[in-house]
Amino acid sequence: MVDSITTIITTLGFPSVEAFIAALFLVLAVVAVIVVVSTIKPVLNMFPYTYPNARVRARTGRLFTEKEFSEIVEAENIEEIKNYLRGVPDYAKYIDQYPLEKALDSQLAESYDLIARITPDNSKEVFNFLLKKWDIRNIKSIIIAKQANLNLNETLNLIVPFGALTDKLDSLIEADNVTEVINGLEGTEYPKILEDVISTYNETGLLLPLESALDKYLLENLLRSAATPEDDNTSLLHNYIGTMVDVANIKIILRAKTYNLKYDDIESYMISDGYQIREWKLKELMEAEDVASVISSLEGTSYAPMLSDAMTEYTETRSMSSFEKALDNHVFNTAKTISLKNQFGIGPMIGFLNKKEREIRNLKTIARGKREEGFSPSMIKEMLI
Amino acid sequence: MVVEIGLGTALGAIGAGVAVGMACLGSGIGQGIAAAGSVGAVAEDPDMFARGLIFTALPETQAIYGFLIAILLLVFSGIMGGGAGLSVTAGLVAIGAGSAVGFAGLGSGMGQGITASSAAGAVVEDPDMFARGIIFTAISETQAIYGFLIAILLLVFGGIL
Numbered sequence: 000m001v002d003s004i005t006t007i008i009t010t011l012g013f014p015s016v017e018a019f020i021a022a023l024f025l026v027l028a029v030v031a032v033i034v035v036v037s038t039i040k041p042v043l044n045m046f047p048y049t050y051p052n053a054r055v056r057a058r059t060g061r062l063f064t065e066k067e068f069s070e071i072v073e074a075e076n077i078e079e080i081k082n083y084l085r086g087v088p089d090y091a092k093y094i095d096q097y098p099l100e101k102a103l104d105s106q107l108a109e110s111y112d113l114i115a116r117i118t119p120d121n122s123k124e125v126f127n128f129l130l131k132k133w134d135i136r137n138i139k140s141i142i143i144a145k146q147a148n149l150n151l152n153e154t155l156n157l158i159v160p161f162g163a164l165t166d167k168l169d170s171l172i173e174a175d176n177v178t179e180v181i182n183g184l185e186g187t188e189y190p191k192i193l194e195d196v197i198s199t200y201n202e203t204g205l206l207l208p209l210e211s212a213l214d215k216y217l218l219e220n221l222l223r224s225a226a227t228p229e230d231d232n233t234s235l236l237h238n239y240i241g242t243m244v245d246v247a248n249i250k251i252i253l254r255a256k257t258y259n260l261k262y263d264d265i266e267s268y269m270i271s272d273g274y275q276i277r278e279w280k281l282k283e284l285m286e287a288e289d290v291a292s293v294i295s296s297l298e299g300t301s302y303a304p305m306l307s308d309a310m311t312e313y314t315e316t317r318s319m320s321s322f323e324k325a326l327d328n329h330v331f332n333t334a335k336t337i338s339l340k341n342q343f344g345i346g347p348m349i350g351f352l353n354k355k356e357r358e359i360r361n362l363k364t365i366a367r368g369k370r371e372e373g374f375s376p377s378m379i380k381e382m383l384i
Numbered sequence: 000m001v002v003e004i005g006l007g008t009a010l011g012a013i014g015a016g017v018a019v020g021m022a023c024l025g026s027g028i029g030q031g032i033a034a035a036g037s038v039g040a041v042a043e044d045p046d047m048f049a050r051g052l053i054f055t056a057l058p059e060t061q062a063i064y065g066f067l068i069a070i071l072l073l074v075f076s077g078i079m080g081g082g083a084g085l086s087v088t089a090g091l092v093a094i095g096a097g098s099a100v101g102f103a104g105l106g107s108g109m110g111q112g113i114t115a116s117s118a119a120g121a122v123v124e125d126p127d128m129f130a131r132g133i134i135f136t137a138i139s140e141t142q143a144i145y146g147f148l149i150a151i152l153l154l155v156f157g158g159i160l
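Protein chains in written order, with numbering that gives the first Met the number 0: chain A, 0 to 384; chain B, 0 to 160.
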C-alpha cells in the first residue's frame with residue numbers, strides 16, 4: 000500500500016513523499032486563506048455597527064408604545080403631560096429646563112447628535128450634515144422672531160441648544176433685525192447661502208426666500224454627501240436621504256399646484272436633483288397643469304400608487320394633508336424596510352431616527368390638542384401618526 | 000527538554016496550530032463583536048453589565064475546544080511529555096482533527112458573536128428577551144461541538160489517543 004502510494008507520488012513528478020506533502024500543504028494553505036478571508040470580510044463589515052446599534056436599540060426600546068401614547072392622550076392638561084415625561088429619563092432632563100416644545104425638540108436633537116457621534120466613519124459625513132438641521136432651524140427661528148419683534152425670552156424659547164452654532168446663538172439672538180442676524184453669521188457657510196436671496200427679502204420683506212434657501216442648502220448637500228455609496232450601508236443611507244429629498248420636492252410641487260403656480264414660481268424653491276425623481280422629471284412635474292397631472296407624471300415611481308390613493312381624499316376635501324400624510328408614511332415605511340433589511344448595519348440607526356421623529360411629532364400634536372379648546376382625547380388620537 | 004521531531008510529529012504540531020489558531024480567530028472575532036454590542040448596551044443601561052458579560056463570554060467556548068484538541072495533540076504526538084512521535088499517517092490524521100475543530104470554531108465563533116451582539120441589543124431594548132437571546136446564541140455552538148466531536152473521534156480512531 001505504502002509502496003503504491005509512493006509510486007503514484009513519484010509518477011506525479013514529486014521527488015519524495017515529503018515534497019508531495021509540502022506541496023499539498025501549500026495548496027491547502029492557499030485554499031484556507033481564501034476561505035478565511037472571504038468568510039471574515041462580511042463579518043468585519045458588520046463590526047463597526049455593533050456598538051452603535053446596541054445603543055440605538057436600547058433607545059428604540061424606550062420609545063413610547065401605543066399604550067403609553069393612549070395614557071398621555073388622556074392627560075387633563077399640559078402640566079399632566081409634563082409630569083408624565085418627567086418620569087421618562089430621556090425627557091426628564093429637559094422638561095424642567097425648557098418649555099414643552101423646546102424640551103421635545105432638544106430630546107430629538109440629542110438623538111441626532113448621539114447618532115452623529117457614534118456612527119461608523121463611512122456614514123459620519125451624512126449624519127454630521129444632518130445635524131446642520133438644528134443650526135438651520137435655529138437660524139430660521141431667530142429670523143422669524145426678529146421679524147415678529149419677539150423679545151429675548153420668547154426668542155430663546157424657540158432655540159434648540161444643539162448644533163455647531165451654539166456659541167454664536169447668544170449674539171444672534173441679541174441682533175436687532177434680520178439683516179444683523181445674517182451679518183452675525185459671518186465666518187459660517189450661511190451668509191453665502193443667503194446672499195442671493197437677501198435682496199429679495201429687502202425688497203419684499205418676506206422671510207420665505209431666506210427659509211427656503213436654507214432648507215434647500217440642507218437637503219441638496221445632504222443628498223450630495225450620501226450620493227457616493229461605498230457599500231450596502233451607505234447605499235441604504237442614500238436611499239433614505241434620497242427619499243426624504245424626493246418627498247420634499249413632491250410636497251413643494253403639489254402645494255404649488257394647489258395654488259396654480261407655474262414653473263417659474265416654483266423653480267427657485269426646488270432641490271435641483273432628486274433620488275428617484277431626477278432633474279428632467281422634476282421639470283416635467285413643475286410644468287404640469289394641476290395636481291392630477293403631477294400624479295399621473297409620477298407614474299412609474301414608487302410615489303405614484305400612494306398619491307393616487309390620496310387623490311380621492313384630496314378631490315373631496317381639497318386639502319393637501321392627505322398627500323402629506325401619504326408621503327410622510329412613505330418615508331416612515333422606507334426607514335422601516337431599511338431597518339428590517341439591514342439589521343446588522345445602518346438599518347437600526349435609520350429606523351430609530353425615524354421613529355423618534357414620529358414620537359416627537361405625536362407628542363407635539365398631543366400638546367397642541369391639549370392647548371386648544373374642544374379637542375377630545377379621541378380626536379387627538381386620530382391626529383397621531 | 001528538546002524533542003527529536005520527525006515528519007509525523009511535525010504534522011501533528013501543524014494540526015495543533017490549526018486547531019488553536021483558527022478556533023481562537025473565530026472566537027476572538029466573535030467575542031469582539033459581542034463585546035462591542037454589550038458595551039453599547041451597558042452605555043445605555045448600566046444594569047446590562049452582567050448580562051452583557053454573559054453574552055460576551057459565550058463565544059469563548061470555541062477557543063477552549065481548539066485549545067483542548069491542541070493540548071491533546073501536543074501530548075500524544077510526543078512534543079509534550081516525551082512520548083513516542085507520530086507516524087506520517089497519524090500526523091495527517093492530526094491535521095484533520097486540528098482542521099475540524101479549528102474551522103468549525105472559526106465559523107461558529109463568528110456566528111455566535113453576531114448573535115450574541117444582537118441578543119445584547121435585544122435585551123437592552125426588551126429585558127424579557129434575555130432567556131430567548133441566550134437560546135438563540137447557544138444554537139451557533141452546535142457547529143463547534145460537531146467539529147470538536149469529529150476531532151476527538153479522529154484522534155481516537157486514528158490511533159493518536
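It is worth saying that the hints were derived from the structure and are not from the lab.
Every residue gets a Cβ at the ideal spot worked out from N, C-alpha and C, and that includes glycine.
Wrong hints could be hidden among the right ones.
[Unchecked claim] Listing some non-contacts, in silico: residues in chain A with all C-beta distances to chain B over 12 angstroms: (1) T9; (2) E17; (3) A28; (4) V55; (5) T59; (6) K139; (7) E283; (8) M305; (9) K340; (10) E371; (11) S375.
[Said to hold, decoys possible] According to the in silico footprint, chain A covers these stretches of chain B (three or more CB under 8 angstroms from chain A): (12) 38-45; (13) 103-109.
We went through each hint and held it up to the structure:
1. T9: 16 angstroms, holds
2. E17: Violated, because the least Cβ-Cβ distance between A:E17 and chain B comes to about 6 angstroms, which does not exceed 12 angstroms.
3. A28: With a cut-off of 12 angstroms, A:A28 comes too close to chain B, as the shortest Cβ separation is near 10 angstroms.
4. V55: Incorrect as stated: the minimum Cβ-Cβ distance to chain B is 8 angstroms, not above 12 angstroms.
5. T59: Violated: least Cβ distance 6 angstroms, not greater than 12 angstroms.
6. K139: Label holds. Min Cβ-Cβ 32 angstroms, cutoff 12 angstroms.
7. E283: A:E283 is indeed farther than 12 angstroms from all Cβ atoms of chain B, at 44 angstroms.
8. M305: 30 angstroms, holds
9. K340: 15 angstroms, holds
10. E371: 35 angstroms, holds
11. S375: The claim stands: A:S375 keeps its Cβ more than 12 angstroms from every Cβ of chain B (closest is about 33 angstroms).
12. 38-45: holds (count 6)
13. 103-109: Holds, because 3 residues of the segment 103-109 of chain B bring their Cβ atoms closer than 8 angstroms to Cβ atoms of chain A.
Checked against the numbered hints above, the structure violates hints 2, 3, 4, 5; every other hint is satisfied.
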